[in-house]
Amino acid sequence: MKYAYYPGCSLTESAREFDISTRAVMERLGAELTEIPDWTCCGASAAEPVSELMNYVLPARNLAIVEQEMDGIDVLAPCAACYLNLYKVNREVVGDRHLHARLNEVLAASGLTYGGNVRVRHLIDVLKNDVGAKIVEQKVTDSLKGMKIAPYYGCQILRPYPVFDDPGKPVSMEPFITAMGGEVFRWSMSNRCCGASLMVAHPEVAVKSVAAILADAEGADAIVTVCPLCQMNLEAYQDKAVKAGGKAVPVLYLTQLMGLALGLDQKAMQLDKNLTLTPSVRQDIKTRAWAVPEPETDAETAGMNG
Amino acid sequence: MSEPVRKTWSPASEEYQSILGGLRESVGACMQCGTCTASCPNWHAMDVTPRAMWRMIQFGMLDEILESRTFWMCSSCYMCTLRCPRGLKLTSAMAALKRLARVDGSAAARRNSAFYEAFMDDVEAHGRVQETSMMQRYFLKRKSPTVPLAFLPLGMKMLSKGKVHLPSRGQGGVLKPLFAKAREMEGL
Ligand code: SF4
Ligand code: SF4
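Top to bottom, those sequences are chains A and B. The numbering of the first sequence is full-length UniProt numbering, which starts it at 1 and goes up by one. The numbering of the second sequence is full-length UniProt numbering, which starts it at 1 and goes up by one.
One thing to keep in mind: the hints can contain errors.
Simulated DEER-style distance windows between Cβ atoms [stated by the list, open to error]:
hint: 1; chain 1: A; residue 1: A268; chain 2: B; residue 2: R110; range: 14 to 22 Å
hint: 2; chain 1: A; residue 1: G245; chain 2: B; residue 2: W43; range: 17 to 25 Å
hint: 3; chain 1: A; residue 1: A268; chain 2: B; residue 2: P145; range: 35 to 43 Å
hint: 4; chain 1: B; residue 1: P85; chain 2: A; residue 2: R28; range: 41 to 49 Å
EDC-like cross-link-like pairs, simulated, lysine to aspartate or glutamate; straight-line CA separation at most 20 Å [as the list claims (entries may be wrong)]:
hint: 5; chain 1: A; residue 1: K243; chain 2: A; residue 2: D216
hint: 6; chain 1: B; residue 1: K161; chain 2: A; residue 2: E204
hint: 7; chain 1: A; residue 1: K208; chain 2: B; residue 2: D47
hint: 8; chain 1: B; residue 1: K89; chain 2: A; residue 2: E92
hint: 9; chain 1: A; residue 1: K240; chain 2: A; residue 2: E204
hint: 10; chain 1: B; residue 1: K161; chain 2: A; residue 2: D265
hint: 11; chain 1: A; residue 1: K128; chain 2: A; residue 2: D71
Now the stretches of chain B that chain A is said to cover, found in silico as 3 or more residues with beta-carbon under 8 Å [stated by the list, open to error]:
hint: 12; region: 28-39
hint: 13; region: 47-61
Source of the hints: derived by calculation from the structure; they are not laboratory data. All values derive from a computational prediction rather than experimental measurement. Ideal placement from N, C-alpha and C gives every residue a C-beta, glycine not left out.
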């Protein structure tokens, strides 16, 4: 299992713990990641409102490098926006002769060309279809038994292109949560938008979305994400969202939690970087606090004894 | 309609017309079922519903379109695109509306597109986005001291978590030739 790894900008900046945990976990699971040399930004969701062409050129430049220098192996992207941008070049440009020609005309300014032969995969797609939850289960050393984990998919990994899961009712993370020994927390907001970059220009609108998501996660021990923007919005604005009716819930990257289950320590998974993982939450994770049964009430105890 | 008047003074009228033309084509098949509006998580912040916006595009109601804040409230979540029974690329249409408003260049458009522009300027300069320098560019474009102040508490929190990194040269100007070429081809 060899992949051309595309970390994307966020994972080299405020989401380094996602990058580090992804690399470590994938290595444990037997995948070989080689970073795309000299990769550049995919444009996130900021390119399309500025330039239609650059919206395709930015991701395509990276695919062109993989095609020309890495034998066109599959690209692995952990970030939802990076994944969609890279993927949509294949869906929307390749096959459209006019647009494809325009794209290559721009790429030619850097001596590049993209033929359309590189497959783009999201981290979850690779976990589900190439690795499999069985392997994870076999390698678990520190079971998360009893931990109620709410899988959060967000929007762009399954919309508008549902490649590896049902965008209306996504379930692809569930076997991995179970494999780690955790319990899947059932909720209805797992594919609701977190507000994305609206949080910068119109925070009052995005905070409402985050509050609704966090309110629905009440009762979960943690939310797991696979997108740096989801993670940022759910964590960094949690105070405001709680004031707007949300519940405080720790938020981790799926790969961080998986790393812990696979025997890597909190330091290696950089749990200190998460804004919602206070020392007491980290202590809970360390001692597996959720595994301790709820204390019985006096009445119940009395009844059982009598 | 004031369309002919706009044509005479608009500095980029060709681009302006081509975006509107493309938009009309992209939502021409809309049958006004309202699924897009019902799917949108941000409809409560919009002054015109997505369904009504497509109608306004079909009718070419340029002034009313440009006055609306609807497309600035789109967070690119793709729910409408996924669910539209006509298979229309509605999220792309929202992005095209943002481009149209940028060409129009009103004060509201400048304010609302500041983040996207700051992001792209940073990509052009460094090849990769660097959050600190991108946010600096954003603050400069917003020209309001209260904007950076609102981000101060978060900035401090991120600093204490070691999530803030000083800008570096990144990949340098490796993308500059591509930006220049695209600009030439799009006439922007
Ligand atoms: S969902 Fe599609 S067809 Fe229905 S109103 Fe919206 S754009 Fe038109
Ligand atoms: S893509 Fe934009 S318009 Fe469509 S549902 Fe999402 S936020 Fe609403």
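Structure-based check of each hint:
1. A/A268 / B/R110: 14 to 22 Å: violated, 45 Å
2. A/G245 / B/W43: 17 to 25 Å: With Cβ atoms ~19 Å apart, the hint holds.
3. A/A268 / B/P145: 35 to 43 Å: Hint holds: Cβ distance 41 Å, inside 35 to 43 Å.
4. B/P85 / A/R28: 41 to 49 Å: holds, 44 Å
5. A/K243 / A/D216: holds, 15 Å
6. B/K161 / A/E204: violated, 25 Å
7. A/K208 / B/D47: holds, 17 Å
8. B/K89 / A/E92: Since the Cα atoms of B/K89 and A/E92 sit roughly 11 Å apart, the hinted pair holds (cutoff 20 Å).
9. A/K240 / A/E204: Since the Cα atoms of A/K240 and A/E204 sit roughly 10 Å apart, the hinted pair holds (cutoff 20 Å).
10. B/K161 / A/D265: With a Cα-Cα distance of about 18 Å, the restraint between B/K161 and A/D265 holds, given a limit of 20 Å.
11. A/K128 / A/D71: Not satisfied, since the Cα-Cα distance of roughly 24 Å exceeds 20 Å.
12. 28-39: Since three or more residues must qualify, the claim that chain A covers the region 28-39 of chain B is violated, with 0 doing so at under 8 Å.
13. 47-61: Violated: only 0 residues of the region 47-61 of chain B have a Cβ under 8 Å from chain A.
In summary, the numbered hints that this structure violates are 1, 6, 11, 12, 13.
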